[in-house]
Structure formats: structure tokens, C-alpha cells
Amino acid sequence: AQRVTQPEKLLSVFKGAPVELKCNYSYSGSPELFWYVQYSRQRLQLLLRHISRESIKGFTADLNKGETSFHLKKPFAQEEDSAMYYCALSGGGGYQKVTFGTGTKLQVIP
Amino acid sequence: EAGVVQSPRYKIIEKKQPVAFWCNPISGHNTLYWYRQNLGQGPELLIRYENEEAVDDSQLPKDRFSAERLKGVDSTLKIQPAELGDSAVYLCASTRSRQEQYFGPGTRLTVT
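From first to last, the protein sequence lines are chains A and B. Letter 59 of the first sequence, counting from 1, is numbered 59 in the numbering used here, and no numbers are missing. Letter 73 of the second sequence, counting from 1, is numbered 1073 in the numbering used here, and no numbers are missing.
All clues stand as given, with none of them false.
With a straight-line Cα cutoff of 30 Å, these simulated DSSO-like cross-link-like pairs (lysine-lysine) come out:
hint, chain 1, residue 1, chain 2, residue 2
1, A, Lys73, A, Lys105
2, B, Lys1016, B, Lys1062
3, A, Lys97, B, Lys1062
4, A, Lys97, A, Lys65
5, A, Lys105, A, Lys65
6, A, Lys97, B, Lys1078
7, B, Lys1071, A, Lys97
8, A, Lys9, B, Lys1011
9, B, Lys1062, B, Lys1078
10, A, Lys73, A, Lys57
11, A, Lys73, A, Lys97
12, A, Lys15, A, Lys73
13, A, Lys97, B, Lys1011
14, A, Lys65, A, Lys22
15, A, Lys105, B, Lys1011
16, B, Lys1015, B, Lys1078
17, A, Lys97, A, Lys57
18, A, Lys9, A, Lys73
By construction, these hints were calculated from the structure, which means they are not laboratory data.
For reference, chain B alone in the conformation it holds in the complex (with noise of 0.2 Å):
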């Protein structure tokens, strides 16, 4: 099994520019996370899934961050503009029920 994964790797943009970051989750896992991780810090958590559902989405910056989870599967994390102070690793996770998280590799933004 692959587990989670999330692509691209590593992106590098300009401020102002748009961003995208996309991830598969570990089939079954019906709830999937997107967390941000600053250089020196743990995880933050962005926004949470339950199926399609953005069952908690408080600490995601909604004048700029966007995020998707059709069919309650994949997920799609999107950055419009994005800004300096957005450079970070940006995780993806899934669990079923109350297990267990399974995190993916990250994306790595750098933004110039």
C-alpha cells in the first residue's frame, strides 16, 4: 500500500501567484487533514474532512486558502495569492474512525 500521497513534492513560486497541492488518502480512511507545518513548529491543523464534509476548517485563512474533497476522497489544498509568510510544509493525513493518523510525505512552498 502506498499510503498517503501528495504531490507536488516541493513548489516554488512568487508572491501573488496561485498554488495548488493535491492528495490521495489511504483508501477507506474517511477523514482526511491538511496541516502546515513552520519551519521549528509542530503541525497546525488547517482544515478537517469527514467524508466531503469541512467539518472544521476554523484555522483555515478563508481570504486565501481554499480547500476541496470530492467524492470524499482525494483533496485539494489551493493558496490565492499566496504571500511570503505562507513558505512552510503543508501535510496531508488521513485516519479511519478514531485511529491512528497517517500522514503524508508534505509539500514543501517555498514562496520568493
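In isolation and in its complexed conformation, chain A is listed as follows (with noise of 0.2 Å):
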């Protein structure tokens, strides 16, 4: 089976603080993993994959396969960066069944 934990339902920052959304997860196999966001009054949106390396929105998220986890990082928050999101799994080989986590809402406090 595979599951997705976010532990924090709420992550409140000042502006310019830095930022660690934690994700945790079990898969048996090679997973592939996704941060999703949903700003307010819009739609949930891919904002970054394991697998793509890169940096969306000054936001970077390594793999750890040791630790299970795949946190979400900024250093610097910005007021925009306020919304919920989600970390999700994907089994890999094909199978594209994903879970999402319970999800965390960010606050950034001007």
C-alpha cells in the first residue's frame, strides 16, 4: 500500500522566513513523487516533481529515499506563497494511481 503523510495541517511564517513543508511517504517500490498547490479560489495545480530537479517559484524538493521524505523548501517566504499544499505519490513502472497527502496550509504573515 502506499501512503502519503503531511504532519501539518498549518505552517504559519513572517515573510522572508524560510520555509519547510514536511512530507513523508511508503512505497514499496520507486515512487514518484509531486508537491501540488491550490491558491485561493483556484485549482490544484502541479508546482514541482522529483523527477524534473528544478526550482518553481524559489521552491526545491529533494528526494531523501533513506528517510522516506520529500519536504518542500524556500528560503525566503513571500505573502503569494500562502496556500494549501499537497505532496503526492505516484507508484512508479507505469502504474499511475496517485495519493495525495491530507495537505498543509501555508500563512505567510506580512
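Two chains, each in its own frame: build the complex with the hints.
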């Protein structure tokens, strides 16, 4: 079974402070990990995926297979980063089932 | 491009009534997903289609839920009869092969 855990329902940080949204997963094979974001009154959209190894809007995430984690980080939070963030896992090998975490609401305080 | 289209956006029904949701995926996307998202939770997969074939419906409550994807394009998700616990946001998403999923705006269902 595959599972995604986001331990924080709400994370409040001040503008300019570093951000780390935690994500841990459980999967026996080689997963693909994603971060999706939902801004207020907008639809869910992909923020980044681990295989791309790129930085989007200043966010990065590194897959740590030893710790089965895929934490999302940004060195300096901005007010426009306030949103719901969902970590998601897709089983590898062509199987497209995606399991989402419960989400973390990021609140950036001006 | 309009993206994934869902209708209706909101629906309020009484329990035991039927309800249907419609989804039009992005053109060329062969994979279509229906998710249910309860308040304070992440999306939970109900069913996944590869073209017109339902390849993963293990999470679909088949006693009251049904879905179809005729001609491998549009899809309809139906609940009959609805129960109070079915109140949630129903999301449709589509993707091409192993690319990212594109989500629709969702249908917020309230069962009274």
C-alpha cells in the first residue's frame, strides 16, 4: 500500500523566513513524488515533481529515499506563497495511481 | 485552452436523490481521474480511466456510485442514491501518459 503523510495541517511563517513543508511517504518500490498547490479560489495545480529536479517559484524538494521524505523548501517566504500544499505519490513502473497527503496550509504573515 | 471542464460547479440535493457530475478533459489526454475531496483532506481517487477503460475502480463505492467514459473523452460520475456522507468536492483530472495531472475546478456537492 502507498501512503503519504503531511504532519502539519497549518504552518505559519513570517515573510522572509525560511519555509519547510514536510512530507513522508510509504511505498515499496520506486515512487514518483509531486507537490501540488492550490491558491485561494484556484484549482489544484502541479508545483514541482522530483524527477524534474528544478526550482519553481523558489521552491525546491529533494527526494530522500533513506528517510522516505520529500520535504518542500523555500529560503525566503513571500506573501503570495500562502496556499494549500499537497504532497502526492505515484507508483512507478507505469502505474498511474496517485495518493495525496492531507495537505498543509501555508500562511505567510506580512 | 480551457483546461479540464467540470459541471455543475455546485449542487445541493436531498439525501436519497440521484446526482451526476460531468467532466471534459483536456484534448488528447487519455487518462482521466475522478477524486473525492472531503473537507480538510487531500483528494482520494475514486476511479481512473485509460481511454474508455476503467483500470482502477477499487475505491469506488459500487453500490451507489457509477461512472462512464464513452468514446474515451467526456466522463460522467453518478451517485444514486446520495447519502449525507457524500457531501464533498468531486474533482476530475486528466493527463497524457506519465505527465502531470491537470485538475478541473471541482463540483461541490452538498447533501441535506
